[in-house]
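Sequence lines, in order, name chains A and B. To convert, note that position 141 of the first sequence is 141 in the numbering used here; the numbers rise steadily by one, no gaps. To convert, note that position 239 of the second sequence is 239 in the numbering used here; the numbers rise steadily by one, no gaps.
By construction, these hints were calculated from the structure, which means they are not laboratory data. You may find that some hints are simply not true.
[Unchecked claim] No more than 30 Å apart at the CA atoms, straight line, and that leaves these computed lysine-lysine pairs for DSSO-like:
1) B:Lys166 with A:Lys206
2) A:Lys82 with A:Lys152
3) B:Lys166 with B:Lys55
4) A:Lys152 with A:Lys206
5) A:Lys152 with A:Lys53
6) B:Lys166 with A:Lys152
Bear in mind the structure is a predicted one, so any value in this text is a computation, not a measurement.
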Amino acid sequence: MSAYTEGIITLLMINAIAAMGVCLLTGFTGVFTLGHAAYMALGGYATAILTVKYHLHWLPAVVAGGILAIVVAYVIGIPTLKLMGDYYAIASIGLGEAIRLILENWQSVTRGARGYPGIPTFTTMPVAVGFFLVLAFLLFCLLHGSYGRMFKACRDDHIAAALLGYDTARVRVLSLVLSAFYCGVSGGLLAGFLSFIQPVMFDMLKSTELTAVVVFGGLGSLSGCLLGTTIITLVTELFRPISQYRMLIYGAVLVIIMVLRPEGIMGQYEFGPKLFRKLFGRKAPAQERR
Amino acid sequence: MGTLLQQIINGLSLGSVYALIAVGYSLVYSILLFSNFAHGSFLVIGGYSCYFALKTLGMNIWLAGGLSLIAAGVSAILTERLAYKPIRERTNVTLYLLIASMGMSIVIENIFVVTVGGRFRALPPVIPTDPVNLFGLATTSAFDLISLVVAVICLGGLQLFLTRTKWGLAIRAAAYNLRIAGLMGVNVSRLISLVFFVAGVLAAVGGIFLSVRYTLYPQLGGITIKAFVAAVIGGLGSLPGAVVGSLILGLAEMLTAGFISSQLRDLVVFSLLVITLLFRPTGLFGKSVGEKI
């Protein structure tokens, strides 16, 4: 396999890990976010500083990045997710910008806007794929257990969920904290992949992209979100020559999907027998009639 | 002392421009209960229409200003009709509206990038920026005073419109409960168009002043983030809250820039947001929106 293909697959895995995090929060819990790149930045910088300055092994460094993201998400989530409405969405924009500004201005620790060079390149393709498989498996188990039903209940009808005895605010915070962990880990892996990170890489555009991927693939479908990530990552690579129009097309696609098929490509379906029954189910009765 | 007064005037002036944007955003939020992230685009549309009306068509500032207000208002209505109405009619999940608005904001921003290019443009010197001496106490720019006065006039006009006219009454009723307002015979569809028009017009006024203060570029709409923050600090959906939040934000920003460091001004803005959310999550004037059953 050529180095280019390997690179793309690694990048795809890293993006998919972050997208899974956003998918849990936006797709399964119904909380809109525009600042998840901030958690990636936290994970990335934590990993970078721990490996370069303190010579820590990369594995605990990546996990520490995820944990830092958890702590910050908890602090932000507690006040904002208690409220109904777009409070978390606005706070997440604020958080994203604030973290980017801190990274740019805290020269002594983060080396400022020019970026953090010299991170050991530990993210090879097997590492990225391994992380992806483990995290995807964990998320799959989580979503197919009682926790998954709890998240979906809070998304679909928070009043009914509360009447069933769930503390919906805490459920949302739990979902946010887990999704922040995924993004933190993804940021750490990204740092190890590029060996150089810069605050600009985690701006609002990146946050928007994370949310867009999840919406595109299907709100409430794990495989849809992975499909969305694959499509967007590949399309980004293919359309590099006309990058000027890329964002225009991307925004238009978002609007069109919301207008025509708000549930995204996959809707709430996962890859599996159920989807095929839905897709091809209609043909069966037609044949019987004949 | 002089510097302090000067920074306070600058802060109030910047805050009042934020208030124009935040009020429009809050107005839409109070009716449809979603954050219209495309709100910043109306401001950019206003700025560019004003620029081209002045440069290419050679209009004077009053005509160009009026034209750009109408352009922004109409594009706000179009945005609502094209992107939000089909979603609104089918479902009441506000998440879809939120995502569509994010898409619209990307689309409009990039239409400008593709058609007129991403470079920075300066508006012709249509608004005087000469220094003005305030009774020997402080020196400030005429532009700051003008933007403060215009913002106060616009906000006063909005207040009169909302309290003294029939449509204003309808908007207040709809903010209380959209569905019941519809049942009482208000044409909801037209009302929402009107609200978007007003929001677009106010954003365009803000856009013209911002493009004089900074410069004009397609990403100028990003500055609405601060207006959103102001609206949250004041309390989402509350118009007086949006104004007070904006003024606090403008003052905090200018005082930080003047006395501490201009690099920290954005950080102060977002810290204010986080502090407000920690201690008073519903904002200064917000209704309690915690879940209660």
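Hints and how they fare:
{"no.": "1", "hint": "B:Lys166 with A:Lys206", "in the structure": "45 Å, violated"}
{"no.": "2", "hint": "A:Lys82 with A:Lys152", "in the structure": "17 Å, holds"}
{"no.": "3", "hint": "B:Lys166 with B:Lys55", "in the structure": "39 Å, violated"}
{"no.": "4", "hint": "A:Lys152 with A:Lys206", "in the structure": "26 Å, holds"}
{"no.": "5", "hint": "A:Lys152 with A:Lys53", "in the structure": "42 Å, violated"}
{"no.": "6", "hint": "B:Lys166 with A:Lys152", "in the structure": "43 Å, violated"}
Violated hints, listed in ascending order, are 1, 3, 5, 6; each of the other numbered hints is respected by the structure.
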